[in-house]
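Counting the sequence shown from 1 gives a position; my numbering is that position plus 7.
Simulated from the structure, these hints should not be mistaken for lab results. Any given hint could turn out to be false.
Stated by the list, open to error - Label pairs and their computed distance ranges (CB to CB):
1. Pro548 with Ser402: 34 to 42 Å
2. Met333 with Asp544: 32 to 40 Å
3. Gly583 with Glu356: 44 to 52 Å
4. Pro106 with Ala133: 28 to 36 Å
5. Glu478 with Glu440: 22 to 30 Å
6. Asp347 with Arg378: 22 to 30 Å
7. Leu312 with Ser155: 30 to 38 Å
8. Ile302 with Pro270: 51 to 59 Å
Cβ atoms here follow ideal geometry from the backbone N, Cα and C, with glycine treated the same way.
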Amino acid sequence: MSSSRRPEAAPPGDTEVDLPVEVPAEVPATRADLPESVPAPMPGLDASAPEPSGVGFSDDTEPGTRSPFGDPRVVLRDGVPAAAGPATEAADAVHEPGPTLRERLAEARGRVRPLSTWTLRAKLVASMLILFTVIGAATGAFTVVALSRQLTSQVDDQLHTSMGRLMSDRGGIIDFGTQPDGGPPRGPGDEGLLAYLPSTPTSSLPKAIGKVSSGGQRPVALTATQLSALDSAGLRGEASNIQIPGLGSYRVQTTTVTANNVPIGVLVIGLPMDPTERTIQQMVLVAVMTLGAGIILVAVLGTWLVRRNLEPLSRLAATATKVSRMPLDTGKVALAERVDPADTDTRTEVGQVGAAFNEMLDHVDEALNARHQSEQRVRQFVADASHELRTPLASIKGYAEISRREPNPVPQSVTHAMGRIESEANRMSSLVEDLLLLARLDAGRPLDDAPVDVSMLVINAVSDAHAAAPEHRWDLDLPPEPVEVRGDAARLHQVVANLLANARTHTPEGTRVTTSVRPEGDWVRVAVHDDGPGIPDSLQPNVFERFARGDDARNRAGGSTGLGLSIVAAVSKAHGGRVEMDSRPGDTTFSLMLPAT
8 MSSSRRPEAA
18 PPGDTEVDLP
28 VEVPAEVPAT
38 RADLPESVPA
48 PMPGLDASAP
58 EPSGVGFSDD
68 TEPGTRSPFG
78 DPRVVLRDGV
88 PAAAGPATEA
98 ADAVHEPGPT
108 LRERLAEARG
118 RVRPLSTWTL
128 RAKLVASMLI
138 LFTVIGAATG
148 AFTVVALSRQ
158 LTSQVDDQLH
168 TSMGRLMSDR
178 GGIIDFGTQP
188 DGGPPRGPGD
198 EGLLAYLPST
208 PTSSLPKAIG
218 KVSSGGQRPV
228 ALTATQLSAL
238 DSAGLRGEAS
248 NIQIPGLGSY
258 RVQTTTVTAN
268 NVPIGVLVIG
278 LPMDPTERTI
288 QQMVLVAVMT
298 LGAGIILVAV
308 LGTWLVRRNL
318 EPLSRLAATA
328 TKVSRMPLDT
338 GKVALAERVD
348 PADTDTRTEV
358 GQVGAAFNEM
368 LDHVDEALNA
378 RHQSEQRVRQ
388 FVADASHELR
398 TPLASIKGYA
408 EISRREPNPV
418 PQSVTHAMGR
428 IESEANRMSS
438 LVEDLLLLAR
448 LDAGRPLDDA
458 PVDVSMLVIN
468 AVSDAHAAAP
478 EHRWDLDLPP
488 EPVEVRGDAA
498 RLHQVVANLL
508 ANARTHTPEG
518 TRVTTSVRPE
528 GDWVRVAVHD
538 DGPGIPDSLQ
548 PNVFERFARG
558 DDARNRAGGS
568 TGLGLSIVAA
578 VSKAHGGRVE
588 MDSRPGDTTF
598 SLMLPAT
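Modelling step: build the complete structure from the supplied sequences, incorporating the hints.
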């Protein structure tokens, strides 16, 4: 077609385009789908290639889409026509694939707690419910099957009795002539069925005939369809179920009819199975309702019984939790927590656990007391030895000093020996003082409690360290306002001095040591950082232990007692604080954390 037409007025925002051809009702998706009467796209316009936005197309067109025939209201996405705007977005949302069945099952499994994480109470209750459900379902199924067989057997007995009576009354030969009621003999019971299916038609009964009675009413003749259903069922003497159109399910039994000892047909009697099926359905309903009520009852009573029987175990767990929260690492421990005697009856499993737990606590209490007594003896010995050594050491230092003041000439070797004696006596005195301080801290003797200006304390300690080791580079990093804590000023000064001495002793000359003070919420951090070689990894776990010494990797230039950092830890703990350490080559920091005032 070569006629041209102008499209209807475009809505605001659309571009009005003159089309040289009529637009088909269904826009083709590719160039191959174009009819022969439609010319190919303009030169330079490849329908298979994406077009730039804004050139002959709507500015709303998404990248990778194209508008056929220049119509800005129609956009093709992957070769399929689609309308621009909210409708396109809605269509895309509809076609988005949902989660697969495997993904849904994996999500459901993720929401179910693993059986290993269930509590003992939940496992016991769940076990009881599963066991009761299985036994109840099995019992109900057995009852329904047994009832069904019993009712079916009763129907079979009734059919057999009726068939025997029917045959015996006529000597085995049935006359199916016209009866007083105008039909064949009546079936069994008030709702029975009686039919005759001839194999050899006779003059009196040339075709199949039958009647059915219902609720004591006058028997009704069976229809041809119903008789055909009986004839095509292939009945062979034994009782069986059959669906009869318009009557429902029947239990029928057959016997061969003879005339002059010649088989001429089959006699069918039957009883409806609807009453039996209704009884079985009612029994199934009762069994299901009983099982449901039993499950609810077992769940409620089982939960209560399990909770009651597990209460001793809960009390035992509470006792164990209290013991686990007691400070057992230091000092005299009064381990008075025990399981209640009512929960230690060894005749029960929970009672055996409670009795064993009490025995364990007795042994732990004895061991802790023995440890405490041993520690007390060691501390007392250290304190007594340190105290007793102070006097002879002071005497040695005094005599060494007197020898230096001797006016008479003293041989050089004697002067050197006396100098060494005095030096070692000073070192011994320092060691004794450190041991005595640690013994007092271990004994829990109280320290002074007064406001301490941490900023001024750090300034003085760094000044002393600078005077002792001018070859190191000492830096200070202090806040603009003074920082105060409560504690023993002399001991805190000793802590900072020990940290600076540790950095001075175990780092080479030229090492930069920076001491900083920073308030951090409820804490005050005093940090000593150095860019030395760091602490070996093997020594870091024991760096605050007593008599811990660095190896050659720390470049120890002078003697060390190995008690400096242990004093830092003990004093910080006595002030309610702690000491932290972070060390790697070129970056070692010791931080003293003290409670802020």
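**Study point:** Satisfaction of the hinted span 44 to 52 Å by the C-beta atoms belonging to Gly583 and Glu356
**Key:** Holds: the Cβ-Cβ distance is about 45 Å, inside 44 to 52 Å.
Exercise for review: Take the C-beta atom of Leu312 and the C-beta atom of Ser155, compute their distance, and say whether it sits inside 30 to 38 Å.
Suggested key: At roughly 36 Å between Cβ atoms, Ser155 and Leu312 fall inside 30 to 38 Å, so the hint holds.
Review point. Are Glu478 and Glu440 spaced within 22 to 30 Å by their CB atoms?
Key: 27 Å, holds
Review point. Do the Cβ positions of Pro106 and Ala133 conform to the proposed distance bound of 28 to 36 Å?
Key: At 29 Å between Cβs, range holds.
**Study point:** Hint check for Pro270 and Ile302 - Cβ pair distance inside 51 to 59 Å
**Key:** 58 Å, holds
Point to revise | Range hint 22 to 30 Å (beta carbons of Asp347 and Arg378) holds or violated | key: 28 Å, holds
Check your understanding: Per the hint of 32 to 40 Å, is the separation of the Cβ atoms of Met333 and Asp544 within bounds?
Key -> Holds, since Met333 and Asp544 (Cβ atoms, about 33 Å apart) stay within the stated range.
Review point. Does 34 to 42 Å hold as the CB distance between Pro548 and Ser402, or does it fail?
Key: 41 Å, holds
Of the hints listed earlier, there is not a single one the structure fails to meet.
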